[in-house]
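Participant: Got chain C sorted already, so can you dock chain X onto it with the hints?
Top line first, the protein sequences correspond to chains C and X. Under my numbering, read the first sequence as residues 1 to 353, first letter to last. Under my numbering, read the second sequence as residues 1 to 240, first letter to last.
Keep in mind that a hint or two might mislead.
Derived pair list, reagent style SDA-like, types lysine to any residue, alpha-carbon separation capped at 25 Å [claimed, not checked]: (1) C/Lys2 to X/Leu131; (2) X/Lys98 to C/Lys245; (3) C/Lys245 to C/Asn169; (4) X/Lys154 to X/Gln192; (5) X/Lys76 to C/Ile204; (6) X/Lys76 to C/Ser190; (7) X/Lys98 to C/Phe183; (8) X/Lys98 to C/Leu187; (9) X/Lys98 to C/Asn169; (10) C/Lys6 to X/Leu94; (11) X/Lys125 to C/Asn332; (12) X/Lys61 to X/Lys211; (13) C/Lys329 to X/Lys125; (14) X/Lys111 to C/Ser190; (15) X/Lys154 to C/Ser191.
In case anyone wonders, no lab produced these hints; they're calculated from the structure.
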Amino acid sequence: MKKQDKILTVILLAALFIFLIIANLFLDAYIKRVLNLCAIYTILALSMNLINGFTGLFSLGHAGFMAIGAYCVGIFTLPISVRPANFYIEPMHPAIANVELPFFVALLLGGVLAAFFAFLIGAPVLRLRDDYLAIATLGFSEIIRIVLTNMQSITNGPLGIKNIPTTANMWWIYGVTLVTVIFLVLLISSSYGRAFKAIREDEIAAQAMGINLFRHKILSFMIGAFFAGIAGGLYASMLSTVDPKNFIFTLTYNFLLIIVLGGMGSVSGTIISAYIVTAGLEIMRFFDEPLSIFGVSIPLFRPGLRMVIFSICLMIIVLFFRNGLMGNKELNWDMLRGLFSKRSKRIKGGEAR
Amino acid sequence: MLKIENLTVSYGGIEALKGIDLEVPEGSIVTLIGANGAGKSTTLRTIMGLVKCKSGKITYKGEDITGAPSPSIVAKGITLVPEGRRVFPDLTVLENLKIGAYLRNDHAQIKKDLEWVYELFPRLKERSWQLAGTLSGGEQQMLAVGRALMSRPKIMMMDEPSLGLAPLIVKSIFSIIQEINKNGVTILLIEQNANMALRIADWGYVLETGKIVLAGKGQDLLQNEDVKSAYLGKKKEKKD
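Pulled out of the complex, with its shape left as it was, chain C reads as follows (with noise of 0.2 Å):
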């Protein structure tokens, strides 16, 4: 790295951290709420794209890997007092009916589950490749879900559990995502993540040039899983309540369209795409609500009518920009500078030629 951009990366970080002063002091908890939940997108996404862009398995099981972190944090950071009033159909086991973990431990423990989780799943289904892979994690990722709900003692089951400590601030969570970006662009740029790639382009090569398959897909797998485990803790501990319900199988869709939209294999697409997807579905809520101009109602504009818009937008995408908005590409600084002196270049190339 040059040292002007170690410089311009820094003021970067800065400028983050006075942002999030500014939006703690004066922004309200509706865009508070929105921003937290694009940084807990983002950790599912770069986790997802991570074992799907980068190692170029095909899986759709970040929804159950999610729901174990959430539970987790929800269990063991509920206080004690608070627990016979959540547990009223059946009381908490025995065994963790006392045990109250503090929120850290608990998001690590979660994340810890989570990845245990995906070794047990993925030591039998990573043999299998492409659509099957997706088929059979999408499988175990609703097994997860159903258990989860019938665990009526240790989960509360379809009950779900409330009054969570929001211990998960703004600070939290930000945090949280800046280490995992920065941890997952050290792993990619590591020789671990040149064997994922390798991975992804060509099994055979890979395995002829004495890449172990099968230890690095369940590691990418399982490292995917740790911070989803995470994020969904800190999602868990941000909207204070759990429910099964909320980790049903289309949540992974949410997840594979913000890595399909940003570029399978770019960190800072997923990140950008993460905002883009999560922030837009909400600032279009607008057009959910009935609309009048003039005293003349407009019929389009009733519920649903925001999902058909965000589909648009995706089908544009897709038809316009088919590798995602990033392709497998990183933003650098030498990417912006190029596009801030692409006019001179221009000029510049009219006369060579």
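Facilitator: Then chain X, alone, in the frame of chain C:
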């Protein structure tokens, strides 16, 4: 150096190799020629541990490596330039080369080897930031060879390096193979272009439907009537 004894491999019910024996002495160029489906690629894949064999024994420097996992085989110094090049298209040339050195930790030596590969193929140095998928066929073949060299092999196995390349490029690839061999790398070469392969080979084997039907010095095989008629496109003289 590398010795194969009575190797049989089958895909389901089809026997691809029906008990072949071959030997690759250290420092030599050995070539395996044969038509499509003779079992040439299967032989290499079995040595690499990509395909499991049914029976038989593969020994490398006296050590039994039959059925060993491919990472440990690569670590021992055997490498494969796969058929059809199989470079990683969405990675840069440099990244491709670095993956070749994946199992190594000696960073100083890796750097030296990278320089050596760039010396052998100056074209790769010019294009080190280009995506491998955008290279021409010949350049991709150079990259595949360079990538294999980055693992510091003692034996390099090449699966049809001339596949789909212009004759001029084939010539240069073959002269580079000889140069690599002079640097102390033993070479096991698979070719359909029997003429080219036998010319540079010390020893050659002819494979036909899973069996070795002929073996001999490269020059001798070039003169052999059967080889000539089957692979070199020259008509047999009628004996009446």
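Participant: Looking back at the numbered hints, which does the structure fail to meet, lowest number first?
Facilitator: 2, 9
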